[in-house]
Amino acid sequence: MNAPHKKGQTWDIHGGIHPPENKTQSLGKPIMQAAVPAQLILPLSQSIGAPAEPCVEPGEHVLKGQLIAQAAGFVSVPLHAPSSGRVTAIEDRPIAHSSGMSAPCIVIDTDGEDRWGERTPIADYTAVERTELINHIRNAGIAGMGGAGFPTAVKLNPPADKPITTLIINATECEPYITADHALILERAGDILQGVDVLTHLLQPARILIGLEDNKPDAAAALRDSLRDRPYQVIEFPTKYPSGGEKQLIEILTGKQVPSGGLPADLGIVCQNIGTCYAIKRAVVDGEPLISRITTLTGNALKTLGNTEVLLGTTMQTLLEAHGWQPTPQSRLIMGGPMMGFTVHSANVPIVKTTNCLLAPTAEELPPPHLAQACIRCGMCAEACPASLLPQQLYWYSRAREYEQLEAHNIADCIECGACSYVCPSNIPLVQYYRASKAELRERAEEHIKAEHSRQRFEFRQERLEAAEREKEAKKAARKAAAAKRAAQKEASTPDGDNSAATAKQAEIEAAVARAKAKKVGIGQPAHSDDNEVGN
Amino acid sequence: MIGSAVTRNGVLLGAFAMLTTAIIAATQLGTKDRIAEQIRQAREKALLEIVPRDRHDNQMLDAQFAVNDQELLHVTDDRSGFIASDGGNMQAVILPVIAPDGYSGKIELLVGINVDGSLAGVRVVQHAETPGLGDKIELKKSDWILSFNGRSLNNPLPERWTVKKDKGEFDQFTGATITPRAVTKAVYNALLYFQKNRQKIEQLSVVGQTNGSDDNGE
Amino acid sequence: MMEFATEYPFWVAVIVLLSMCAIFGGLLGFASIKFKVEGNPIVDQINDILPQTQCGQCSYPGCKPYAEAIANGEAINKCPPGGEAGIQALADLLDMEPIPLDAEHGAEAVRTVAYIREDECIGCTKCIQACPVDAILGAAKLMHTVIADECTGCDLCVEPCPVDCIDMLPIEVDLQHWAWELPPSAEANLIVTDRNPRVSGEAA
Amino acid sequence: MEYFSLLIGAILVNNFVLVQFLGLCPFMGVSNKLETAIGMAAATIFVLTLSSVVSYLTFAYLLSPLGLEYLDIIAFIVVIAVVVQFTEMVVRKSSPLLHRVLGVFLPLITTNCAVLGVALLNINKQHNFIESLLFGFGAAVGFSLVLILFAAMRERLNVADVPQPFQGASIGMITAGLMSLAFMGFAGLV
Amino acid sequence: MASSASYADLTSNGLWKNNAALVQLLGLCPLLAVSGTVVNALGLGLATIFVLVCSNTAVSMIRNVVSDAVRLPAFVMIIASFTTCIKLLMQAYAYELYEILGIFIPLIVTNCAILGRADAFAAKNPVLPSMYDGFIMGLGFALVLVLLGAMRELVGTGALFGDMNLLFGAAAAQWKIEVFSDYPGFIVAIVPPGAFLFTGLLIAMKNIIDARLKEREEARKEKPVAGSKRVRVTGTIK
Amino acid sequence: MALLHVTSPHMSRAGDTGSVMRHVLLALIPGIVVMTALFGWGTIVNIIWACLLALGMEAMVMRLRKRPPMFYLRDCSALVTAVLLAVALPPYAPWWLVVVGIGFSILVAKHLYGGMGYNPFNPAMVGYVVLLISFPVEMTQWAAPAGSIPDQAPTLGPLSALAASFPFLSSTPVDAFTMATPLDVFKQNDSLMVDELFASSPQFGRFGGYGWEWVNIAFLLGGAYLLYKRIFTWHAPISMLAALALMALIFNDSGSSASGGSPAFHLFTGATMLGAFFIVTDPVSSAVSNIGRLYYGAGIGVLIYLIRSFGNYPDAVAFAVLLMNFAAPLIDHYTQPRTYGHKDHKSHNEDRGPK
Ligand SMILES: Cc1cc2nc3c(=O)[nH]c(=O)nc-3n(C[C@H](O)[C@H](O)[C@H](O)COP(=O)(O)O)c2cc1C
Ligand SMILES: Cc1cc2nc3c(=O)[nH]c(=O)nc-3n(C[C@H](O)[C@H](O)[C@H](O)COP(=O)(O)O)c2cc1C
Ligand SMILES: Cc1cc2nc3c(=O)[nH]c(=O)nc-3n(C[C@H](O)[C@H](O)[C@H](O)COP(=O)(O)O)c2cc1C
Ligand SMILES: Cc1cc2nc3c(=O)[nH]c(=O)nc-3n(C[C@H](O)[C@H](O)[C@H](O)CO)c2cc1C
Ligand code: SF4
Ligand code: SF4
Ligand code: SF4
Ligand code: SF4
Ligand code: FES
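Residue numbers (my numbering), protein chains in the order written: chain A, 122 to 657; chain B, 1216 to 1433; chain C, 18 to 221; chain D, 3 to 192; chain E, 291 to 528; chain F, 32 to 386.
A hint or two may mislead.
Unchecked claim - Derived DSS-like pairs: lysine-lysine, alpha-carbon spacing no greater than 27 Å straight-line: (1) B/K1260 to D/K127; (2) E/K504 to F/K374; (3) B/K1356 to B/K1260; (4) C/K81 to A/K571; (5) A/K283 to F/K374; (6) B/K1260 to B/K1382; (7) A/K276 to A/K128; (8) B/K1400 to B/K1411; (9) C/K143 to A/K571; (10) B/K1355 to E/K466; (11) C/K143 to A/K593; (12) B/K1356 to B/K1380; (13) C/K143 to A/K597; (14) A/K144 to A/K283; (15) B/K1380 to B/K1415; (16) D/K127 to A/K559; (17) B/K1356 to B/K1321; (18) A/K276 to F/K97; (19) D/K127 to D/K35; (20) D/K95 to B/K1247; (21) F/K374 to A/K377; (22) A/K596 to C/K143; (23) C/K81 to A/K150; (24) D/K127 to B/K1321; (25) B/K1356 to B/K1382; (26) B/K1400 to B/K1321; (27) E/K496 to D/K35; (28) D/K127 to B/K1355; (29) E/K307 to B/K1260; (30) B/K1321 to B/K1247; (31) E/K307 to E/K496; (32) A/K559 to A/K377; (33) C/K158 to A/K559.
In short, the hints are calculated from the structure, not lab data.
Excised from the complex, chain A in its bound form (with noise of 0.2 Å):
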């Protein structure tokens, strides 16, 4: 493992499976460019880490590419107008996410001119300051594209103690259906390398890989004429899902498993999707944050299927009943792929800048799933598992809550590829088995910390009362030896007095209650016809 490796050697994964591609229907024509919108919505949060803070007000005209929303923390990324409009409403809306729930939108009605506000190319970016270059990146708003939406800047700002010595740019795409990162290279590959020679700038590796599947060779070819001297190298490698995952492309490339529980940088790598460094490169040399991005769209319930670079915000509904989507019940909407990519519970949902792919198969293609059998423990699972888990003991020990066991596992190494469940005879569902698990073991955790934080705090409230019983009693023992001693004298007046102190207070408590009664029948029906405007 320790031995120098060869140019362009790559290891073998454990794991991994082989479905059938069906990635010809959407590659062959050029990158559509889909229409602007009527309207767009934009959710707050498009990405890992914290929302980003709206900074316009309803009502408010916008142009394309200005801010609209700000990043709220280090792990969080801006908002820009995917085109110029007013802006309409801030409130909640149904987002793409396999909840269905919704989550607060920036919602614009475009004015169909399409204005650009200022952009804000960096001539020359290797002059700039470094900090200042990755703020600009930060501020144009990118997000890792391949997967789960990373703010890029984030890794491009690596602990000091960990030097980045490779720099992997993730080119496989290895999942069946989706091709928009192939067809993203096919047509602009120079772009791409241009991205590629930002990130090069900033991380100074020793080495920058582009990995990708021996099964685009058009697309390696199209990689390599764009090179000219640059000392990138374009890797091929046997094409097997999930070798797009980052911790596995980074063993196929370099040998090297990214430890449990840490990041690819613990082993001074950087991984990112080529479709963010064509962001980049937009963002640093044209000046242009993100906005749109290329997604496939495929499935056989539709007319044209292709891929498309559309706005962000753009609802799914709209892009997809351009391309002929005639939903019927029970049909499916995937986004994303086939292996990784959620359900929606609605169209009428925006793209996202995570939107790779959007998937609408008919029934035959992708038919409902069968009724689970039980579990044979064929080890198929385990055999397809990238991560060496025991995914049928994974499944077992979800079924029976045993969450010890699960940890035991390792069921925090589980990367959802999907694997197992494709391989699974007996057709379970073991990825839903995961997810439920792992949220539950999330949620475990989350209360333990809370119960400790209870206790002490209950603890500590025990220890004041007893403090305060204490004193109390001190004073008390005070006060009776004082009492004592002036036994004689004053005798009976003081209980009286006592007495009627607390009646007065008792009063008082009872005309307080019936002032608040009287209030709450007040104010009791209003608030119940708001309710209904906001349901409605």
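Once you've looked at the hints, dock chains B, C, D, E and F with the ligands against the given chain A.
Using the frame of chain A, we list chains B, C, D, E and F with the ligands on its own:
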């Protein structure tokens, strides 16, 4: 204070010890003789099955002699043989015999041989044969073992002293030949042993050199 | 000695037993002093499992006292907030069979948080006194408010409130806490979807 | 060789739990979790070997010479209780770590008939000192072996879709039965 | 408190609800080891009842005399001595059965130490209830033992009540009932695995009956009031 | 419009558990054909009768548990169990023997644990062992392989085979000619050298048992097919065969009468190959990880040899499998593979803090 508690507890425990010992000792005293008798009867019962009471007048348990014979009886650990005599005349002898080649290990037998060299009876003392197969050698399960009664060295002829499957005289069990084969061989060997050692044993019985008194059965 | 034994079997028996008791008693007594240790860490382990809601439904004033009681042999099924999962964890710790929640102490319920309707609050401070974890803020005669993050949902503040202005609201799932549920077990599924196995897909 | 077969006999062929039926209560009771089963196993090995030896000594050098064989039960019970309690105290003091593993099980072992059983069997089979030692040790190892295997298996049973009436102790018993069935394969090994 | 337990409660507890063998899973060794035939089961069952009754009575009688420190040793010694007695008696009067039951007679000690609840019950209750409790616990155990013996004997050999002479004298030898004639014998029922399997089935049967009973009871009874035992953590509110 | 909401992945490989089982059934065919050729139609009668019983019992259980029987019958696992048990029974076994065996397999060993996938013990082997212990006579009456004895009558055809198993169906009861199996003979021999034994007994063939060599080779072929189809991995069967061969090699003292027999003898006699490829590989009751399966298989190999050579029972596959079934959960506990990004195999024990 601690001291007094310890003394009190100590005395209490002591009292309990006395009390419980009293109960046990009383029971023990009450049953001692009967238990000894029961043990004796139990041991004698097997012997009496082979040589019934009406054929002898001595206490066979008191007429023991040590047997040690690797070759024929496969008995090496000083087991006892017993002599039945009537009016001082030896009537029969009961030999401990081991059949070493049972299906699952050794089969321990008692073989009773009349003075005339015929078999008085054979009983299985202990074995580990398969239940339902080899265990038919127990009298409880089948009376196959009785088929030896009255046989002797030449009845049947030596070459027929085996199971039918080996062209002999004795039945085997369905699906189990090994066990009966082993028992038959051991019984035959016991007869051989008796023939060889008859003199010695008879002497023992006359002199009354047997020793059985210090054996209390535990 | 031997003769004595045969002559007075009873007394020998008594002597033997007595001396055995004496020797062993002494040995244990010695050991109990010599090898004395203090403390009972099990209570902390039990307390760690209890949810620290401090609601008293277990009939002990707080979780710690209940933990102590369990360590002394109290049943493990009396904490409704801990629910089945808590009982299971206790059973695992103490290696007992888990038993169902004791209904006398209440049922397992969704987690809630107290919410004071502030415009009705008269500032009597009774809820502050009731709150076991000091999760209510406010001064006398001013309106009070619950620090939602500190509230354990014990509902002890509800009853003392003279104007009934405290509601226990279920904690709602937000986007961050939403998660897939465990799929219904294949077996359960089958009973419902006897005739049309295909449809179970939607249930998932 | 003879000692070897005594040992193998005690561990496998005449396994205390599955063939001789001794020590079943802890076998059913302390097998819900693998970790505890391992603790119990270690404690049992220690106590069983020790009490086998001690009770042998008591019998051979105290009861037997004085003709007090009939006091065996009571004497053994006392000896075992003391051995267990003493061990517990010593372990608790000398190694809190070990106590955490073994401690809670030690008192449980007193009510385990394997311990008394081993003492009585030593007498029945007229074992000498070494044989008593080996027999006690072998029996304990046999007990521990199946206890640990059983505990691991019960963790698996927890997740099985066992029909309602059979859940819990019932399926545990049936599993033990099938285990015992498998152990019959060792018959005749020594 | 336990002392107020009624005889009816004791009975239903000992025989069914808290049956030592089927519910508490105690005394399993003799239960499994000597339940090959009815006569063995009966012999050990009776011996167990005897020891339980005697020792519970004795423990209860002395309950006020002993201090906590020596309680357990004292109780164990009492039980051990009664066990020794029954062992000697069986040796004297049912020798063959004694031989068959082997070490499971002395082992009554360990079982009774737990079964008898000497510590839990007899030490806190007057003589009569303690005696009754001992009897019922023993009876509950013995009944399961005999039931199991009958099942195994029947399935294993096709007959019932064989060899009763071991316990009841020579006349009882005739009591044997051949239930199935020409039965090939089902050895698994007699050997150790059978003991486990049949006990498992017995427990399952009890579960089924319990579930039925519960269903019926539930139909009648309403739910207990929730939260009735709550305590105020924060003391009284002034 | 309500769209279908399901969890990912949205694709899955074609096929289900039933198809896995059907591959196994297919792979058993060569062995069954050879057995029929050698022993006559008794094997086929056994198989059919056992399958009927197994399906019937499974359907009955599902009824009782209020589950749809067809869904469960379709997974064919009951058929695999039935066929494997039937193949292990002596041909011409009486009908009730099959009833008891399947009863224990399907009802006790499988459905008391919840049915397919949950049983910790191999159902077919449980049935077999119960029968072997309870009815040793019936279980050791193996038909003589065709041609093993020069003037032997021809093996029984379908109808007489049926009559042999169901005597009440026919007015003239049929008896098959039986003889001890080679392992039986080998075990009981304690006077002849191994070579002499091979020469003198009709039970022996070139290197294994007469005829049994072919049975084993046929099952080996079936196993190779399954291996090729990736129904199971090589770990368990190969390590079992290797361990068995190794044990035989160690104890093989060039043919004295006390010899345990050569590796080839052990590999090609009795149920070795059937066991290695169809029984040891039963996924449900074996260890789960590949390393675990190595230990699991090796354990079975060693136990088979020990019990065959030193124990009471002539063939030991069933006992060895059950014993290792028993050990499988513990093996699993200690043979977790190293997860991606972890340092060692069982890091989980260390990095779990006190909780
Ligand atoms: C909670 C979290 C924290 C992260 N912190 C860092 C970080 O501090 N530095 C960094 O370079 N990457 C960080 N990452 C980025 C990951 O290494 C990874 O590149 C990113 O999650 C995208 O991976 P994916 O699309 O495969 O899920 C973090 C990711 C997550 C989810
Ligand atoms: C199973 C799996 C498959 C993935 N496949 C790809 C892929 O094919 N291409 C890609 O760029 N990212 C893929 N990702 C995301 C990468 O792990 C990683 O997040 C990304 O390359 C980081 O780059 P970014 O921060 O620029 O998005 C995948 C992630 C997972 C978990
Ligand atoms: C499990 C099992 C147990 C057996 N037990 C015995 C037995 O106890 N005694 C015996 O003679 N044969 C026993 N046999 C039978 C022998 O293996 C062998 O088949 C038989 O003795 C040969 O006799 P035959 O020539 O009558 O068939 C047993 C066989 C098996 C499979
Ligand atoms: C490769 C393979 C081997 C199998 N071997 C057995 C077997 O030995 N015994 C058996 O009862 N079932 C066997 N089955 C079927 C199935 O796994 C079995 O019925 C389950 O144990 C029932 O839960 C096998 C299945 C497969 C795929
Ligand atoms: S692939 Fe499916 S059936 Fe096979 S072991 Fe994994 S979860 Fe179980
Ligand atoms: S989803 Fe998790 S368990 Fe399944 S194959 Fe992927 S990493 Fe492994
Ligand atoms: S019932 Fe309430 S007070 Fe008692 S342990 Fe549970 S949470 Fe704590
Ligand atoms: S605010 Fe009310 S419900 Fe919340 S912890 Fe305090 S007393 Fe309990
Ligand atoms: S009776 Fe409980 S351990 Fe034996």
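Does F/K374 lie within 27 Å of A/K283 when you go C-alpha to C-alpha? 20 Å, holds
Holds or violated: E/K504 with F/K374, Cα cutoff 27 Å? It is violated: about 53 Å lies between the C-alpha atoms, which goes past 27 Å.
Restraint status (C-alpha distance of B/K1356 to B/K1260 at most 27 Å): 18 Å, holds
Take the C-alpha atoms of B/K1380 and B/K1415, compute the straight-line distance between them, and say whether it is at most 27 Å. Distance of about 36 Å is beyond 27 Å: violated.
Need the status of pair A/K276, F/K97: alpha-carbon distance at most 27 Å? With Cα atoms ~56 Å apart, A/K276 and F/K97 exceed 27 Å; violated.
Would you check the hint for C/K143 and A/K593, treating anything up to 27 Å between C-alpha atoms as holding? 20 Å, holds
Given the hint that A/K596 pairs with C/K143, test it: the Cα-Cα distance must not exceed 27 Å. Holds. A/K596 to C/K143 sits at ~24 Å (cutoff 27 Å).
Does B/K1380 lie within 27 Å of B/K1356 when you go C-alpha to C-alpha? With a Cα-Cα distance of about 21 Å, the restraint between B/K1356 and B/K1380 holds, given a limit of 27 Å.
Is D/K127 close enough to B/K1355, meaning Cα to Cα at most 27 Å? Satisfied, since the Cα-Cα distance of roughly 25 Å is no more than 27 Å.
Is it true that the CA of A/K276 sits at most 27 Å from the CA of A/K128? Holds, at about 26 Å.
Hint check: B/K1321 vs B/K1247, CA-CA at most 27 Å. Holds or violated? Not satisfied, since the Cα-Cα distance of roughly 35 Å exceeds 27 Å.
Tell me if the straight-line CA distance from B/K1400 to B/K1321 falls inside 27 Å. 13 Å, holds
Comparing the model with each numbered hint stated earlier shows that hints 2, 6, 14, 15, 16, 18, 19, 20, 23, 29, 30, 33 do not hold.
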